[in-house]
Every structure is written in structure tokens, then in C-alpha cells.
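Model the full assembly from the supplied sequences, consistent with the hints where possible.
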Amino acid sequence: MVIGPDTIATTPTQFLPRHRFDDLVEALGEGGRRVVGPTIADGAIVFADLAGHESLPAGWTLQTSPGRALLERLPDGPRESRTFQYPVSGEGIRRFTFPSRVDALAMETAEDGTVRVRVAAPAEPMPLAVVGARACDLAALAVHDRVLVGGPAIDPDYAARRRDLLIVAVECALAGSTCFCASMGTGPEVTAGADLVLNELDDGFVVRAPTAAGERVLATLGLAAAGPDRATTAAAQTAATRAAMGTTAIPADARSLLLANLEHPRWDAVAERCIACANCTLVCPTCFCTGLEVGSGFDGAASSATRTWDSCFTEGFAQIAGGSFRPRHRDRYRQWLTHKFATWWDQFGTSGCIGCGRCVAWCPVGIDVRAELNAIAETAPTPAPIAVPARDTVEAADTGLAPLEFSPATVVSVIPETADTTTLRLATDDPRILAGLPGQFVMVGVPAFAIPPISISRFHPDGLELTIRAAGAATSFLTKLRKGAALGLRGPLGRGWPVADAAGRDLVIVAGGIGLAPLRPVIDAVLRDRDRYHDVRIYLGARTPRDRLFVEEIDALAASDDVLVRVTVDRAGPEWLGRVGIVTQLFKSVRGTGADATAFICGPERMMAATADVLGDLGVPREHTWVTLERHMECGVGLCGHCQLGTRFVCKDGPVFSVAELGEDLRREGL
Amino acid sequence: MDVAMRAGAAAATAGPNHATGRSAATRRPRVGVVKFASCDGCQLTILDVEDHLLEIAERFEIVEFAEATSRRSSGPFDVLLVEGSISTPEQAVEIARLRAEAKLLVAIGACATAGGIQALRTAAEHEAFRAAVYPVPAYVDSLATARPISEFVHVDAELRGCPISPEQLVEVLVSLTTGRRPQLPDQAVCLECKRRGIPCVVVARGLPCLGPVTRTGCGAICPAFGRGCYGCFGPREQANTAGYAAALVWQAANPAGDDPNAPMPPPDSRRPVDEADVGRLFAGFNGATAPMRSITDKLGGRPVMPLRATLASPPETLLGGPPRWGAMPADTIKSEDPDGPRG
Numbered sequence: 030m031v032i033g034p035d036t037i038a039t040t041p042t043q044f045l046p047r048h049r050f051d052d053l054v055e056a057l058g059e060g061g062r063r064v065v066g067p068t069i070a071d072g073a074i075v076f077a078d079l080a081g082h083e084s085l086p087a088g089w090t091l092q093t094s095p096g097r098a099l100l101e102r103l104p105d106g107p108r109e110s111r112t113f114q115y116p117v118s119g120e121g122i123r124r125f126t127f128p129s130r131v132d133a134l135a136m137e138t139a140e141d142g143t144v145r146v147r148v149a150a151p152a153e154p155m156p157l158a159v160v161g162a163r164a165c166d167l168a169a170l171a172v173h174d175r176v177l178v179g180g181p182a183i184d185p186d187y188a189a190r191r192r193d194l195l196i197v198a199v200e201c202a203l204a205g206s207t208c209f210c211a212s213m214g215t216g217p218e219v220t221a222g223a224d225l226v227l228n229e230l231d232d233g234f235v236v237r238a239p240t241a242a243g244e245r246v247l248a249t250l251g252l253a254a255a256g257p258d259r260a261t262t263a264a265a266q267t268a269a270t271r272a273a274m275g276t277t278a279i280p281a282d283a284r285s286l287l288l289a290n291l292e293h294p295r296w297d298a299v300a301e302r303c304i305a306c307a308n309c310t311l312v313c314p315t316c317f318c319t320g321l322e323v324g325s326g327f328d329g330a331a332s333s334a335t336r337t338w339d340s341c342f343t344e345g346f347a348q349i350a351g352g353s354f355r356p357r358h359r360d361r362y363r364q365w366l367t368h369k370f371a372t373w374w375d376q377f378g379t380s381g382c383i384g385c386g387r388c389v390a391w392c393p394v395g396i397d398v399r400a401e402l403n404a405i406a407e408t409a410p411t412p413a414p415i416a417v418p419a420r421d422t423v424e425a426a427d428t429g430l431a432p433l434e435f436s437p438a439t440v441v442s443v444i445p446e447t448a449d450t451t452t453l454r455l456a457t458d459d460p461r462i463l464a465g466l467p468g469q470f471v472m473v474g475v476p477a478f479a480i481p482p483i484s485i486s487r488f489h490p491d492g493l494e495l496t497i498r499a500a501g502a503a504t505s506f507l508t509k510l511r512k513g514a515a516l517g518l519r520g521p522l523g524r525g526w527p528v529a530d531a532a533g534r535d536l537v538i539v540a541g542g543i544g545l546a547p548l549r550p551v552i553d554a555v556l557r558d559r560d561r562y563h564d565v566r567i568y569l570g571a572r573t574p575r576d577r578l579f580v581e582e583i584d585a586l587a588a589s590d591d592v593l594v595r596v597t598v599d600r601a602g603p604e605w606l607g608r609v610g611i612v613t614q615l616f617k618s619v620r621g622t623g624a625d626a627t628a629f630i631c632g633p634e635r636m637m638a639a640t641a642d643v644l645g646d647l648g649v650p651r652e653h654t655w656v657t658l659e660r661h662m663e664c665g666v667g668l669c670g671h672c673q674l675g676t677r678f679v680c681k682d683g684p685v686f687s688v689a690e691l692g693e694d695l696r697r698e699g700l
Numbered sequence: 067m068d069v070a071m072r073a074g075a076a077a078a079t080a081g082p083n084h085a086t087g088r089s090a091a092t093r094r095p096r097v098g099v100v101k102f103a104s105c106d107g108c109q110l111t112i113l114d115v116e117d118h119l120l121e122i123a124e125r126f127e128i129v130e131f132a133e134a135t136s137r138r139s140s141g142p143f144d145v146l147l148v149e150g151s152i153s154t155p156e157q158a159v160e161i162a163r164l165r166a167e168a169k170l171l172v173a174i175g176a177c178a179t180a181g182g183i184q185a186l187r188t189a190a191e192h193e194a195f196r197a198a199v200y201p202v203p204a205y206v207d208s209l210a211t212a213r214p215i216s217e218f219v220h221v222d223a224e225l226r227g228c229p230i231s232p233e234q235l236v237e238v239l240v241s242l243t244t245g246r247r248p249q250l251p252d253q254a255v256c257l258e259c260k261r262r263g264i265p266c267v268v269v270a271r272g273l274p275c276l277g278p279v280t281r282t283g284c285g286a287i288c289p290a291f292g293r294g295c296y297g298c299f300g301p302r303e304q305a306n307t308a309g310y311a312a313a314l315v316w317q318a319a320n321p322a323g324d325d326p327n328a329p330m331p332p333p334d335s336r337r338p339v340d341e342a343d344v345g346r347l348f349a350g351f352n353g354a355t356a357p358m359r360s361i362t363d364k365l366g367g368r369p370v371m372p373l374r375a376t377l378a379s380p381p382e383t384l385l386g387g388p389p390r391w392g393a394m395p396a397d398t399i400k401s402e403d404p405d406g407p408r409g
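Taken in order, these protein sequences are the chains called A and B. Going from the first sequence to our numbering is simple: count from 1 and add 29. Going from the second sequence to our numbering is simple: count from 1 and add 66.
Treat each hint with caution, since some may be false.
According to the in silico footprint, chain A covers these stretches of chain B (three or more CB under 8 Å from chain A) [stated by the list, open to error]:
no.	region
1	234-245
2	252-261
3	266-274
4	277-283
5	299-313
I should point out that these hints are in silico values taken from the structure, not numbers from a laboratory. Since we're looking at a predicted model, the values are computed, not measured. Cβ coordinates follow ideal geometry from the N, Cα and C atoms, glycine included.
As C-alpha cells, this is what we get:
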């Protein structure tokens, strides 16, 4: 139930005397509900099971500043025995709805050789009541709702844990130096998302119940009305908290500022201090990135995968077999800050920062996101406002797949292509995969290995082909599979080539090396329906003659009159009579002005950028020039966070993008 | 190199025997465990993997493992686990011989991967250490450095830690038999602390902790007990030790407010008070690695041994005879110890 600000403001208040707090805990625990709340452990205030008022941090406060969150006794005075007289806890309530480790799936090779992928059933958590959540915690929960269950792909584990959650919020009676919720519009007033709201006074709590569930709990306590004096004191206390924070902690329109300053020297300066420890992302209550840890027995016949909290501050986060896309701390810090304050808006229609300041306090070297934003604002011209695009401009693929849902497939033949590349012809009866589109990909699961994304290199009525280069351990294993081997497929995923939109146009297809694999279904589609397209030209590059893919097919195609085919290699011995040179040298011209041409390009990113430039010079429109990107992917549906490129999730918004959509990001290092 | 295990290189496993391409052993791989300069703790960790010991013994033929069996072998090995650093001239010769006998060589532990605690002498007065420890240093045939195995021979994989993690050892053995890449994370300890819900000891208690610049794999044992990480798994990927040391120096100059009532850290956790204290943090088991050593070089904190007088020649009563080892020619000793024994 969504509770608007008006509902809460007009909700009548009651008074819970301090000595009756345990009655509230007892009422919350009715029916076996688990009750958690703040308590002191390991020198910090953390959430744990709440036995009663004795668990609460009565008499303690937290002094937070960049890099520090120190427990201190409350000073003597009327507030000395308050229980919630501290700014945000070290770790919010994220762990209860989004645990750090979740069983994700189990894979096994059965006696008959088939591979079974069993997706772990969502958790069946016991009903939970959280006492002591703050306005920022609730705002963060609302962000997670959008990210994890608000899109086409949902996280079933989160959905299950979120289902029966009772929240007793506390309005903050003081602000830490690291707090800036008032600037982000998320607090300190609790305006939504709570079932009960407490305002702590010296002798007890003003309570209101904005939801029916909260009302039911409150009704069992038989409390008296709070009365106007207490209600006024409570409101004044929250107002003082707001005043202490101010509302100008960060620059206005931080999103435009960041998007306009992706190469600002401040990124280098902060990278000298940033130790990329990942703490900011792991205390952030809106961060949602995860990775899969695969474990197996000695024979590798069975394995299990655990989904764990991951962070964009690690090198492995953006790593593919060829290296990491964000090798430098500068790249990682820029990803963090721009995601929270800028690209989150593009992806989810909201800010990724809710102003709790945990990333400031819990940064071991005390980097303050507010100071970083202000430092950029002070040294950069005021940016022109960059509007948040309507969210449906990028057509996200609705896969209809639950995360990690796999279907079985069998290898029916193995076709060696080059020394390191093999094509697997697979049989599957999954109608979704058979209805896939050129340019889409599948995640390929075999027990004990990581699950790589592989482009589909041909569709058959009863299956598909995958052309795989042995780049890492998993792909090496896949290239060694034999006829009869079984594996799990998950897909088809992503947005493919807009082949239909190219009807009636000239078509230029450019591939480098393994890049021909995702383009082969395009060529198949064109040949099936050759009359729909005008001039069709295919330009192929490879490192050496021996690295060419689908050689017989391509030779046959070149011999036909259907399309123009040109092949070049980077280097070759005397046995090669064809062209030598880079692929961009192949096309000095396209038909006519180029304005009527659509280009599909796949290869290394630098090759694609260079090719797009040459085609642009020849007049091919940028919005008709398409490339496909490779990124680290674990889920394929935009939930794990690994494949982000600026505002995009490559897995679901791509992997095929037009050069116009990508803009400068196609060439931006470390994005 | 590092953990770049050659995928599918499960040494003695013969060709794939069924459609999945999985290899099945026609004979069990021959495994050896050897040591150089080290405390044997990593070898003992192998014996700690109790749940897996039987399976390991079934799947591998242990042909050399002084801590576990009297059976001896000088090779060949399909897999050779090497503990310890190269600290003497004989060891430098022996590791080259063993490498030639081993299809896969895995360096285990901080000594084998970074030199270990004894590598502190690498940047210190070797002679002073010798003189402080041995009455007659002339009889001790040691190199001026203690260096990781990878500086002498090619290493196929490394397991960090002092001691290594039993789980990671099993992971490497499983990888050998399945052909996959071992999952040995190279990220900071901090991720493990956060996943476990351990509040940051730097932020909450002002304690020095090397977790942000140290590779995870231990399960964040030390922070779980309320003390700082001392870096036994060595530098994590792209460790920004300079940035972190600068912050620790600042904290030393601006100590956290000590509330006498606040929960206190354990007594063995001391906050640094000056630059040398911060430098000392980095001079541990992995202090000889470049990211760590760069800090100690800059801030100080390396242990210093006072030179003391030692005997020029051994009294018969002390040693009961002439030195029994003399494999290395005398000039080798000279080259390592230009000053020779002091009198």
C-alpha cells in the first residue's frame, strides 16, 4: 500500500510511554513475526533481533563525520536515556530484503548425460517487522522496489522477502554531519512506506499508524491520544533536524553536471585518495549489484551458484576474458558517482542517492560525495540542463524470463572453425529460443563453470548454432564439448539487429574476426528475403587467413551474385592471394550518397568506432549505423548491474545499439 | 601469471571419455608437497581440510609430503605444491630442479608468493639479522634476500595467505580436476566484511586495518574479532596503498575521540601514533611486495636490528666440530656477505 504525505500528516497520533515499549515489540511479534531493531554490536549500531527495550542503544549516540562513525554516550540532560538519538545506523535494513548471499541455482549432469539447471526457489522468509528504520531507509526501499521488482525482470527472492514486511519507522531527532536527506527530498520526515511512525520524546513516543497493518498493531496497545503539546514538540523536533541539515548539500541538477563533466580533472584527483575498497557501495542502501560464485565437487558433475553482493569498485566487476573495462580507480569512482546521481535517473526514473550519507561516514579515507560534486560544480561551467529521456525511448527487451531460468539443449554436431573457435549446433525445443532474433544472445550453463553470454550465430527450426572462441575457462570448455553433450540455455536475451527496419535500404555489413558470428543470422535473413533489400555489401576482416570464420559459406556467397563480399586479413603469408589490410580500407564507397544505407558492424570496439567514422564520412546516417557491444554479464536481464555503459544496461538495452544512441560513449575510456 | 591456471591442464588426466568432454583420470595425478624457508603452517593447513581429505587421497596420489607421510619422491610430479621462500643458495638450485619435475607448480602461502616475514631482511641489514640470531653467522648459508618462488621459476598458480585458506586449496584442486579456472577473488577484504555484516573497524573504532588494500580469501577473520587486518593475503588488485597510508597518517595525527565509556577495542589493537607506525603496518608477511614496500620505504617503520659482536670462529664447545654443510663454495658466501663475519 502506498501512503502519500497527506495520509501521514493527518493521521491521528497516540502516545507510547517509554516503559511500555516492550508491549509494542510484543505486539509486533504476534503470530511468530520476527522483530529486528537497532542494537549495539562490535562498536557500531546494527540491526539485530530485538528482544525488547534492553536491546536498543539507549543512552548512546553516533558521531558521524567523513570516515568516522563513533559511538558516544549521550550528554547528561533530559535526552540522556533516549533510544533512537543517533543519526542513521551503520548498515541500513537492506540485508533483510536483499541478503548478501542467496542460493541462486544448482546445475548437475545426470546419469544419462543431460544437464539439469535447477533454479533455487525464492526464499520463504518468516514475516518480519523492522523497528527503527529512518526516512532514508524507506526511500532506499522504494528505490529497490523500482529496480528489483518494478521492471520487466524481477528478483523473486527480493519479492518474497518484501511481501510481508512491517515497518516501524522513527523520525530523526538529530542529524549527523554526514546526513543530507533534506537535500535529496527523502527526509527527515517519514512520508511514505511505514506502517507505524515513532517520534521519540524524553518520556516516550508519539506514534501514528498510516496503514491498516500499523493500525491493527496499535489497536492492541490501547494507547491514549498524544495530545497537541506532544504532537507539536515532535513536529518541531523533526523540523529542527531538517534545519540542521539544510537543503543545499549538493549542486542543483547534479545529473546534468556529471553527464557534462565525464572527463573532469576531479576524477583523477579523487582517484588518488580513493582506495576502491567498495565500502561505499556495500553500505549504500540502494546498491543492487550482485555476482555469482560457482562451487563444485571434484568431478565437476554438479555445481551450485550463490548470488553475492558485488561492487563496481572491483576490477573483476567489469572484466571479460580480454581485460577489465574499468581498470583504473578513476573509472570506478566515476561509475559510482555518476550512477547514483545521474544515470540512475535514466535507468529507473529516480535518484540512486537518497542522502543517508553512509558512503561518507563509512569511507575509510573519508571521501565525501557532497564535496566531490561541489568540487566539480565549482570548477566547471554551469551545465545546460540535460533532460531525462522518457524511459521508453530505449526499448528494453521483455524476456518474460525469471532470472536464471534455463532450458535444456544438446550438442548435435561440432564444427571446428579456427584454431580457437568452434561452432556448436544445438538442439532445443524451447519455443522462446527458436523465436529469437538476429543479434540476440543466450547465457550458456554447464556445471562447475561460469555462465557466459554467447551470441546466436544461426537459427534452425529445431535449434541454433553458437560460435564460440576459447577466451576464458568456460568458453574453452564449451569449445571442447562433443556431440551428445548437454547444457543449459537461457534466452534469447537482449535487443538484436533491427533487420526489419533495413528493408528497402542498402545494407552494409562489416565484421572483424569472431564478430561475424552475431551477424551471420542477419546474412541468413537477408538471403532468405533478398528482394526486400537493395544493394547488400559484406566486408569481413580477420587477423590471418586461418582466422576466417565460415570460410566455405562466405566463399560460396562471394561467388554468387546476391551480395558483394570483400575479405581482408591483417597479415598473411605468400599463400594468401586476397587483400591485406584493415577492414575499413575495404569500402571506399557505398552506393549513392550513403543516406539510404543501414550498417551493421561487429568486432573489437575500436574497430567498430573506426568503421562507424568511415561510414559516417560516406554519408551513412548515425541512427542507421548499428554496433553490438560485449560486456561482463551475469544475469542477462539488467538485475546484476555488471554490464552498465553509462545510462545503459548492455544486456537488455543492447547489445545492439545505434552509433547515434551511444554518442561519445562508444569511445569513452573506462566507462 | 598469478592465479592464471592453465584451464584443462589437469596434468595426468587422459583424454575425454564421454560426450561432455570431461576428462577422467586413467591414473591418479601424482602430487608432491615441498617446502623451502617457511614454518610448515601451510602444509598443516592441507591436513586441515578434513571434510575433503579422503576424497583428495582418493583422487590424487600423494608421493611427497613430509608433514603427512614418510613416503618420499624427488619427482616427477603432476602437481607440486611449494611452500616457503627461496632464502639460501641451495634452495635456488633446488627449486629449478623441482620445476623441471613438475607439470603444474602451485606456490602456497605468503612465503612462497611474496617472500614471507623473512623477506623483511630484503630491505634491511642482512648481516645485522644474522648476527642478532646466530652466534656464528659464518656457518649460516643464507641469501641476503628471501624471495617468492615466482622470481626463480614459472608458477602456474598462487595461493595467498599466512597460512593459506583450506577452502582455496580445495578450490584449486577441484579446478585441476574439472579444468575450470579457480575462483580466487582478488578484491579487497572489505567486501567480505560487508557481506558478513562486520562493522568497519577503521570507521567505528579508529583501528588500523589493511583490509582495503589486502586481497580477500580469509573470510575477514581479524575484523570479525574486532581487530584490523594485517594483510596476510597480500595486496589486492590495484591496491592504492599510497592513498590509504595518507589517510592513516591523517588519522594518527587526528585521533578519534576516545569516549571512556565507549566499547573498547581488544588490547592487542593499537592505533598508529606517527608515520613510522603507519609504515610498520605495511611491513608484514607481504611487506616485500611493491605496493606494501613503497609505503615502508616512504614512511619508515621497517624493523631495525642492532649489530652485535659475533664470534669470528666457532668455539669447539659450541658447535662440536666444523660446519657440516658446505655445499656452496666459499666465494658465494663472500658475495652475499661482503663484510664477512665480524670479530
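Now the hints, each set against the structure:
Using a Cβ-Cβ cut-off of 8 Å, 6 residues of the region 234-245 of chain B lie near chain A, which meets the minimum of three, so the contact claim holds. Here's how the region 252-261 of chain B fares: 7 of its residues keep a CB closer than 8 Å to some CB of chain A, so the rule of at least three is met and the hint holds. Given as covered by chain A, the region 266-274 of chain B passes the check, having 7 residues with a CB less than 8 Å from a CB of that chain where 3 are the minimum. Judged by the Cβ-Cβ criterion of 8 Å, the region 277-283 of chain B is covered by chain A as claimed, because 3 of its residues qualify and three suffice.
For a cut-off of 8 Å, the count of residues in the region 299-313 of chain B with a CB near a CB of chain A stands at 9, and the three-residue condition holds.
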